[in-house]
Amino acid sequence: MSDSQYAHPEALVSTEWLAEHLNDPAIRIVESNEDILLYSTGHVPGAVHIDWRADLQDQTVRDYITPEAFAALCAKNGIARETTVVFYGDKSNWWSCYALWAFRLFGHDKVKIVDGGRDKWVAEGRPLTREVPSYTLTEYPVPAKRKDEEIRAFFEDTLKHSQEQKPLIDVRSPGEFKGDVTHMPEYPQEGVLRGGHVPGAKSFPWKRAVNDNATFKSADELRGIYEKEAGLSPDGDTVVYCRIGERSSHTWFVLTYLLGHSNVRNYDGSWTEWGNRVRAPIERS
Amino acid sequence: MSYPPKLAEIIELFEVLPDVEKREALISYADSAMRQGPREGETFDLEDVRKDEECTDTVGVYLKVNADNTSHYRITLGPHVQTLTKAMTSILCKGLDGISPQEVLDVEADFVPKIVGADLVRQRSQTVYYILTRMKSAAKVWLNRQRALQSGEAA
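Chains as they are written, first to last, in the working numbering: chain A, 2 to 286; chain B, 26 to 180.
Hints are computed from structural coordinates only; laboratory data are not their basis.
Each hint should be verified, as a subset may be incorrect.
[Said to hold, decoys possible] Derived DSSO-like pairs (lysine-lysine); straight-line CA-CA distance at most 30 Å: (1) 208/A / 47/B; (2) 76/B / 89/B; (3) 161/B / 77/A; (4) 89/B / 139/B; (5) 165/B / 76/B; (6) 119/B / 47/B; (7) 218/A / 76/B; (8) 167/A / 121/A; (9) 179/A / 76/B; (10) 77/A / 139/B; (11) 121/A / 76/B.
[What the hints assert, rightly or not] Partial pick of chain A residues on the chain B-facing surface, computed with a CB cut under 10 Å: (12) 37; (13) 38; (14) 39; (15) 60; (16) 64; (17) 186.
[Claimed, not checked] Derived DEER-like restraints, expressed as beta-carbon distance ranges: (18) 27/B / 73/A: 39 to 45 Å; (19) 133/B / 212/A: 40 to 46 Å; (20) 25/A / 66/B: 51 to 57 Å; (21) 103/B / 136/A: 53 to 59 Å; (22) 139/B / 131/A: 23 to 29 Å; (23) 83/B / 20/A: 31 to 37 Å; (24) 65/B / 18/A: 57 to 63 Å; (25) 46/B / 73/A: 56 to 62 Å.
All residues carry an ideal CB built from backbone N, CA and C; glycine is no exception.
I would like the entire structure built from these sequences, with the hints used as guidance.
Here is the structure:
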């Protein structure tokens with residue numbers, strides 16, 4: 002069971018809960034990973050695979066898929082409008098939070114995250130299968146539009162946010178924030194020309210929100226970090242960013258669902274846009 | 026560009042495989058990655074085990090060069106290495122087996138998309154090139170040592 006002190010405890014389920022709902026027709030289990038072949042090596046029985054790049058992003062323009070493509074993606078994975086989509090994945094749920102956030106862009110609000118993600122499921126010795134499930138095609142209605150303005154921030158929004166000194170949270174590692182490095186720890190350089198951070202941003206690395214086993218910290222601990230220490234207000238206007246938007250999706254989930262902040266946007270262009278943009282203001286410290 | 030014969034064979038096989046079978050073949054290679062480590066009783070000319078900043082886990086490279094200048098690699102991987110990197114480890118251990126250290130250095134990395142498929146080589150899967158870099162690094166160190174030895178003997 003998740004911590005009932007969370008603002009939306011229903012958005013977070015345990016691995017035990019997942020094990021008990023493997024055959025629940027009202028849910029669809031979705032694995033989303035950074036490791037593109039990981040799902041094929043074995044996954045939670047019944048889980049489908051949704052890839053952050055191939056499935057959720059437009060393959061030409063750096064943007065998300067259209068509402069039509071989203072409806073088709075859901076339909077082929079047996080997801081109906083009323084289906085509760087339960088996400089889990091590798092890397093402490095970075096990409097499952099990213100996929101959940103993308104589903105929210107299209108107004109699919111019945112979503113949950115498996116606390117601890119794939120690593121916890123595997124560590125507990127729970128079953129994995131290589132059998133790819135097949136579900137009956139659904140008729141998912143095409144969303145009227147993608148709700149970018151509600152939970153997504155663009156460069157111009159983030160620049161304005163910075164200029165107006167509104168809450169801006171950089172969830173990258175301290176070295177990236179300071180501008181000492183232009184890559185993530187344990188990752189190769191991903192083509193960023195300048196290091197540093199958006200002026201006025203505060204450094205709160207995503208990892209502060211999780212325990213060693215990738216489960217989320219308690220509501221009290223999270224409030225201490227984000228409300229007391231970072232000074233964020235539940236009804237404030239907050240923008241979070243990282244490098245390409247996946248780690249900040251994780252923090253977006255924490256702020257939105259676990260702490261109940263009502264107006265949090267994810268700047269998915271993040272540092273790979275900002276750090277390459279001509280004349281974008283940069284602060285180093 | 027010509028590749029070492031064993032690697033060329035693997036590349037040719039992957040190039041004709043449909044995407045689904047290509048993935049299955051990669052998974053199969055990834056499954057055998059943990060069998061690429063040193064075997065009991067083996068000795069090496071060079072051992073390089075380290076955790077680099079740009080890779081998610083420790084990688085050990087073990088190089089043996091025979092009197093006939095043929096080289097053999099063994100590689101160990103930490104558990105957090107990506108599946109694609111595991112697959113490339115098995116492919117490289119097999120594909121580069123028996124060639125000289127200089128030939129290892131000469132292998133160009135442009136074969137990677139031919140095996141993996143362009144859609145899989147993308148942001149967040151670039152560590153697929155890392156194992157080849159480490160193998161080349163070991164070959165270079167070995168060659169430099171040999172050159173130093175030879176110049177010492179000449180002096």
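Structure-based check of all given hints:
| no. | hint | in the structure |
| --- | --- | --- |
| 1 | 208/A / 47/B | 35 Å, violated |
| 2 | 76/B / 89/B | 21 Å, holds |
| 3 | 161/B / 77/A | 44 Å, violated |
| 4 | 89/B / 139/B | 28 Å, holds |
| 5 | 165/B / 76/B | 19 Å, holds |
| 6 | 119/B / 47/B | 17 Å, holds |
| 7 | 218/A / 76/B | 28 Å, holds |
| 8 | 167/A / 121/A | 36 Å, violated |
| 9 | 179/A / 76/B | 23 Å, holds |
| 10 | 77/A / 139/B | 29 Å, holds |
| 11 | 121/A / 76/B | 24 Å, holds |
| 12 | 37 | 6 Å, holds |
| 13 | 38 | 4 Å, holds |
| 14 | 39 | 5 Å, holds |
| 15 | 60 | 9 Å, holds |
| 16 | 64 | 15 Å, violated |
| 17 | 186 | 7 Å, holds |
| 18 | 27/B / 73/A: 39 to 45 Å | 43 Å, holds |
| 19 | 133/B / 212/A: 40 to 46 Å | 44 Å, holds |
| 20 | 25/A / 66/B: 51 to 57 Å | 53 Å, holds |
| 21 | 103/B / 136/A: 53 to 59 Å | 36 Å, violated |
| 22 | 139/B / 131/A: 23 to 29 Å | 25 Å, holds |
| 23 | 83/B / 20/A: 31 to 37 Å | 32 Å, holds |
| 24 | 65/B / 18/A: 57 to 63 Å | 45 Å, violated |
| 25 | 46/B / 73/A: 56 to 62 Å | 25 Å, violated |
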